[in-house]
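Whole structure, please, built from the sequences with the hints as guidance.
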Amino acid sequence: EVHLLESGGGLVQPGGSLRLSCAASGFSFSDYAMAWVRQAPGKGLEWVSAIGYSGDETYYADSVKGRFTISRDNSKNTVSLQMINLRADDTARYYCVKDLYVRLTRGSFDRWGQGSLVTVS
Amino acid sequence: DIQMTQSPSSLSAAVGDRVTITCQASQDIRIHLNWYQQKLGQAPKLLIYDASKLETGVPSRFSGSGSGTHFTFTISTLHPEDFATYYCQQYDRLFTFGPGTKVEIK
Chain A
99 EVHLLESGGG
109 LVQPGGSLRL
119 SCAASGFSFS
129 DYAMAWVRQA
139 PGKGLEWVSA
149 IGYSGDETYY
159 ADSVKGRFTI
169 SRDNSKNTVS
179 LQMINLRADD
189 TARYYCVKDL
199 YVRLTRGSFD
209 RWGQGSLVTV
219 S
Chain B
-16 DIQMTQSPSS
-6 LSAAVGDRVT
4 ITCQASQDIR
14 IHLNWYQQKL
24 GQAPKLLIYD
34 ASKLETGVPS
44 RFSGSGSGTH
54 FTFTISTLHP
64 EDFATYYCQQ
74 YDRLFTFGPG
84 TKVEIK
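So the protein lines, in turn, are chains A and B. If you count the first sequence from 1, you need to add 98 to reach my numbering. Under my numbering, the residue at position 92 of the second sequence is numbered 75, and the numbers go up by one with no gaps.
Do not take every clue at face value.
As the list claims (entries may be wrong) - In the DSBU-like style, the derived pairs of lysine-lysine whose C-alpha atoms are separated by at most 30 Å in a straight line are:
1) B:K36 / B:K89
2) B:K89 / B:K28
3) B:K22 / B:K89
4) B:K22 / B:K85
5) A:K141 / A:K163
6) A:K174 / B:K85
7) B:K89 / A:K174
8) A:K141 / B:K28
9) A:K141 / B:K22
10) B:K36 / B:K85
11) B:K28 / B:K85
12) A:K163 / A:K174
13) B:K28 / A:K163
14) A:K141 / B:K89
15) B:K36 / A:K141
16) B:K22 / B:K36
Derived from the structure by calculation, the hints contain no laboratory data. Please read all numbers here as calculations on a predicted model, not as lab measurements.
Structure below.
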């Protein structure tokens, strides 16, 4: 069974930094693109960032470009999101998600973690 | 950037009803559209991908159709466990979610 377990969330002051991690299990991690999707309290879903299966390609939403960096370690089955210069509007639950297709960054997110809450205040 | 709109933003329906939600893209996204269900306090769940393909394990009462800029999501017969918020999402150029449609109990 696929499991995605996020960690690293918490309370941070505006302008601060935080690093989220996601530990994956139950599938061939190195064969799938991964992404982060966030949801502000009471709001809808917003895609944040994605990384290809090998780590060679990365993508960012305009709202986080230049402040967030996605990375992965296929030897440890982890994907991370380094966040700097955090703002109040970054406050959200951050979900680690897996792409549906093998070796494609397709953007159909078929597995989701339970999320990690980031509060910027 | 591709913008996604959904209508209605919310609806009230009874168990057994047929429910239809529409999603519109600001430009042609071919069939690159997904539908997700999110229940209160839970992570979203992929229901439909490539506009009309049913994800494994998803009941056949859920269906999707459309291409280009106009898409439709239908629940043929509403079950009690279907009360949730539904999101469309494009993946033609990066990824954008619609604002969601909340399906409430009438």
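### Query
Quick check: which numbered hints come out false for this structure?
Hints 6 and 7 contradicted; others consistent.
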